[in-house]
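Q: Here are the chains, one letter per residue:
2 protein chains.
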Amino acid sequence: MTQAVIDDLMARQGEIRARLDAFLRLPSVSADPGFAEGMEAARGFLLDWLRGTGLSDVHLLDGGGEPAVYAAWKGAPGRPTLLVYGHYDVQPPAPLAAWRSDPFEPVEKDGRLYARGASDVKGSTTIAVEAVAAFLRVTGACPVNVKFFLEGEEETGSPSLRELVRRHGDLLRADAMISADGGRASETIPTINVGARGIAGLEVALRSADKELHSGRYGGAVRNALHEMARLIASLHDAEGHIAVPGFLEAAPALTPKQRADTAAFLLDEAAFCAEVGAAAFGEPGYSLRERLTLRPAIDVNGMWGGYTGAGSKTVIPDEAFAKITMRLVPGQDPERAVALVAEHLARLCPPGVSLRITPKSGNSPASSLSEDHPLLRAGSAVLERLMGRTPVPVRLGATVPVTALFQELLGIDTLMFGFNLPDEDVHAPNEFFHLESIPLGLRGWAMLLAELGGMTDADFAPFRRA
Amino acid sequence: MTQAVIDDLMARQGEIRARLDAFLRLPSVSADPGFAEGMEAARGFLLDWLRGTGLSDVHLLDGGGEPAVYAAWKGAPGRPTLLVYGHYDVQPPAPLAAWRSDPFEPVEKDGRLYARGASDVKGSTTIAVEAVAAFLRVTGACPVNVKFFLEGEEETGSPSLRELVRRHGDLLRADAMISADGGRASETIPTINVGARGIAGLEVALRSADKELHSGRYGGAVRNALHEMARLIASLHDAEGHIAVPGFLEAAPALTPKQRADTAAFLLDEAAFCAEVGAAAFGEPGYSLRERLTLRPAIDVNGMWGGYTGAGSKTVIPDEAFAKITMRLVPGQDPERAVALVAEHLARLCPPGVSLRITPKSGNSPASSLSEDHPLLRAGSAVLERLMGRTPVPVRLGATVPVTALFQELLGIDTLMFGFNLPDEDVHAPNEFFHLESIPLGLRGWAMLLAELGGMTDADFAPFRRA
Chain A
1 MTQAVIDDLM ARQGEIRARL DAFLRLPSVS ADPGFAEGME AARGFLLDWL RGTGLSDVHL
61 LDGGGEPAVY AAWKGAPGRP TLLVYGHYDV QPPAPLAAWR SDPFEPVEKD GRLYARGASD
121 VKGSTTIAVE AVAAFLRVTG ACPVNVKFFL EGEEETGSPS LRELVRRHGD LLRADAMISA
181 DGGRASETIP TINVGARGIA GLEVALRSAD KELHSGRYGG AVRNALHEMA RLIASLHDAE
241 GHIAVPGFLE AAPALTPKQR ADTAAFLLDE AAFCAEVGAA AFGEPGYSLR ERLTLRPAID
301 VNGMWGGYTG AGSKTVIPDE AFAKITMRLV PGQDPERAVA LVAEHLARLC PPGVSLRITP
361 KSGNSPASSL SEDHPLLRAG SAVLERLMGR TPVPVRLGAT VPVTALFQEL LGIDTLMFGF
421 NLPDEDVHAP NEFFHLESIP LGLRGWAMLL AELGGMTDAD FAPFRRA
Chain B
1 MTQAVIDDLM ARQGEIRARL DAFLRLPSVS ADPGFAEGME AARGFLLDWL RGTGLSDVHL
61 LDGGGEPAVY AAWKGAPGRP TLLVYGHYDV QPPAPLAAWR SDPFEPVEKD GRLYARGASD
121 VKGSTTIAVE AVAAFLRVTG ACPVNVKFFL EGEEETGSPS LRELVRRHGD LLRADAMISA
181 DGGRASETIP TINVGARGIA GLEVALRSAD KELHSGRYGG AVRNALHEMA RLIASLHDAE
241 GHIAVPGFLE AAPALTPKQR ADTAAFLLDE AAFCAEVGAA AFGEPGYSLR ERLTLRPAID
301 VNGMWGGYTG AGSKTVIPDE AFAKITMRLV PGQDPERAVA LVAEHLARLC PPGVSLRITP
361 KSGNSPASSL SEDHPLLRAG SAVLERLMGR TPVPVRLGAT VPVTALFQEL LGIDTLMFGF
421 NLPDEDVHAP NEFFHLESIP LGLRGWAMLL AELGGMTDAD FAPFRRA
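Which chain is which? The protein sequence lines are A and B, in order. So that you can map any letter, position 307 of the first sequence is 307 in full-length UniProt numbering, and since no number is skipped, the others follow by simple counting. So that you can map any letter, position 446 of the second sequence is 446 in full-length UniProt numbering, and since no number is skipped, the others follow by simple counting.
Bound-form chain A, shown alone (with noise of 0.2 Å):
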């Protein structure tokens, strides 16, 4: 039965093409409102799609903002339900003339397919499509109940998310989510997510005076917003790498034997890493780079301002430093713990007389995982394993995926990341493409998923489910 369908795919890999070619001459991009017409028409191309396959209930749901597509499929009872994950919205194609094509008109070279969206994740999203319509026209079946959710602000941040969760929580309930998006770690190395790190974020303000003081007849006997503000900072770590915020590190827990294997098994090449983007490797000492980058925390300043930063000279002894913190958050670390924990510190530090205004960034999420036992997991490595002929590695991921963890918080469900991007794809830059061999890989992977997942029941689920 599933080779039928994967045959059937392999056959309509013309029309599939087409199809994404299409969706991605869509310019749905959901950060600039000038281009609602190509989130409206991105909508409307899914919509007639979604209807065409065969899946039910297809519809837009609204939580304020740009509003979702869902789809539904629910023929197979006491099969596990699977929400599918993707997003139909893109990174605006800035700089336009860093593109050698046209970000919305793909084009196919060196085995490559060149869009804005290629990657970052309509050609993931089409293929869960795919997967699914072709079992639906094959068999007149899936092998397990689907939901599809299509999102559309998944590149702002997904700002009305939690809403449309909140509003639409019984059209969603699932026993599992996977998502398109999340891509593998390599093109030969067979890998499977199963985690991601959390995030947590805080602005600190200092005010050392009432107003800017002249460093004339001031400098030498006051203290300077910019100062402290560069104290603080460089407290936050101390000079071999460590996080020296105190209490931090104590809620990350020690690494386990397979996770140091599992990493060990997926090395990465840190003078290389590093010499990609001109950095310098620095981090906590005692961990390999792979290590650094997912299964411990960072603590960044992503911006940090005051004074006069003008042309030329002014000066003064600035009254007021500004100062963003976000931090990767990994598994037992609470994230307004963390933040607690970061603004006590710099409170010790800050000095009598200077003023320090913490302030919590909403949005933070917990680190995620997927236990060793989890079903998502046992059906997602048996495939890849089939599907490339080597036992896949299980990594986790350094950013944070909102998504994951807004749906165990909402829905109590877990997600399996089974996007077939890959790592070279400049998602977010111009000339974005997607590798043209990742189509037919995916399709087969994704129609043995659900095979997998279709020799399970929703029982398997349950233990993994939270209310």
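Read the hints as simulated data drawn from the structure, not as lab findings. A hint or two may mislead.
No copy is singled out in the list; a pair is fine if it fits within one copy or between any two copies.
What the hints assert, rightly or not - Here are the computed lysine to any residue pairs in the SDA-like style, where the Cα-Cα straight-line distance is at most 25 Å:
#: 1; residue 1: 314; residue 2: 27
#: 2; residue 1: 211; residue 2: 308
#: 3; residue 1: 314; residue 2: 362
#: 4; residue 1: 211; residue 2: 311
#: 5; residue 1: 258; residue 2: 188
Keeping the supplied structure of chain A fixed, place chain B upon it in accordance with the hints.
A: Chain B in isolation, oriented as in the chain A frame:
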């Protein structure tokens, strides 16, 4: 003779005040091209006035920017020739809404004359011109040779002053300069300025990668330009408030017993000084507030920036960071050497893989000093003692007076600051005012100073002139 001149000045208070009011009505804002007419009008006012006093050679001196107003009287052969410095330009009046009266319509209230430029420095400039004019009017001669040099770019940092002095050096040749700018430190305790701190500056730019990096993909693995900048800035001082740049303090000479005694004679209340501007006291231990402000160097970061500084959050690891640094220098410190020491210190601490670019700022100026036995100082002290009934305390300015350093460098002459404005007059701020009692006091003081200097010869100044 001098008493007759003073009697005449006192009898003409109404006339003098009317002239000052007319001068204040002219909006001579040099920083804003929208006030070009006001600048032109102020120059015309001064040319007419000076021509009416019996001064000769009244004309504009062009240096490529706002011209200066020049006038001379050279009828005292053998007597010293004094360059008299003032400026006719004023600060912009913004923020206008904070003014209780029109900044360009002088208003008298509670013994104060409110108007932009009343304190800085049309009041004291008027006093200087009136005193010379009174000698010419009453006695037909001035006790010394006088050359007025009234600048039009003081409030914009004197961009063409160097060129102006270069072009017109012959005309400006003198034995010494008396400045109407640089006022009194106290209403009750007579003080005499014997020097000012110098200034030097640099800009620091760091680059830690080829581009901004995503904190999810790189956080914990690479250097962050803002972290490095914070470390570098924090390293300029130790936790106690000492400048921590190796070699920097070594060039600042130990305070002499006389300097310590002079500053002790005119103590500043540190708590009140800081409370007035809401600042926290901080600085080199072991020195009084006034010593730190005038006899010890200071390093201040005037501006610092990098990364994302807009609204909300952007999870980047910034690749660039910037800081503007200026320092106040004391006699013995060479500005170029001071910049080099800071640059070397930063380079030493900058980690491998992070590039550091130092741009020394133009307009450096060494500290200036009047030697203890300079005829200007002897004359000024004697006059202030008679005028105020108390020996004046020698004080130094914490700020820099570039015109003083420039005239020392280009014309080899020293400057006595003999302005009568007071520190509370909201200079550069809304509701600037001049204490009206300073007008008769200043007129008497200037008349007495001219007479005192008239008792000297140009030979008395020769040992203090440099090439």
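Q: Next, verify each hint and record whether it holds.
A: Hint check results:
In this homomeric assembly, residue 314 and residue 27 come within 25 Å of each other (Cα to Cα) only across copies, at 23 Å, whereas the closest approach inside a single copy is 45 Å. Within a single copy, residue 211 and residue 308 get their C-alpha atoms as close as 13 Å, and across copies as close as 24 Å, so both meet the 25 Å cut-off. In this homomeric assembly, residue 314 and residue 362 come within 25 Å of each other (Cα to Cα) only across copies, at 12 Å, whereas the closest approach inside a single copy is 35 Å. For the identical chains of this complex, residue 211 and residue 311 are neighbours both inside a copy (21 Å) and across copies (23 Å), given an alpha-carbon limit of 25 Å.
When the C-alpha separation of residue 258 and residue 188 is checked against a cutoff of 25 Å, the pair qualifies only within one copy, where the shortest distance is 22 Å, while the shortest distance between copies is 79 Å.
When held up to the earlier numbered hints, the structure conflicts with none and fits them all.
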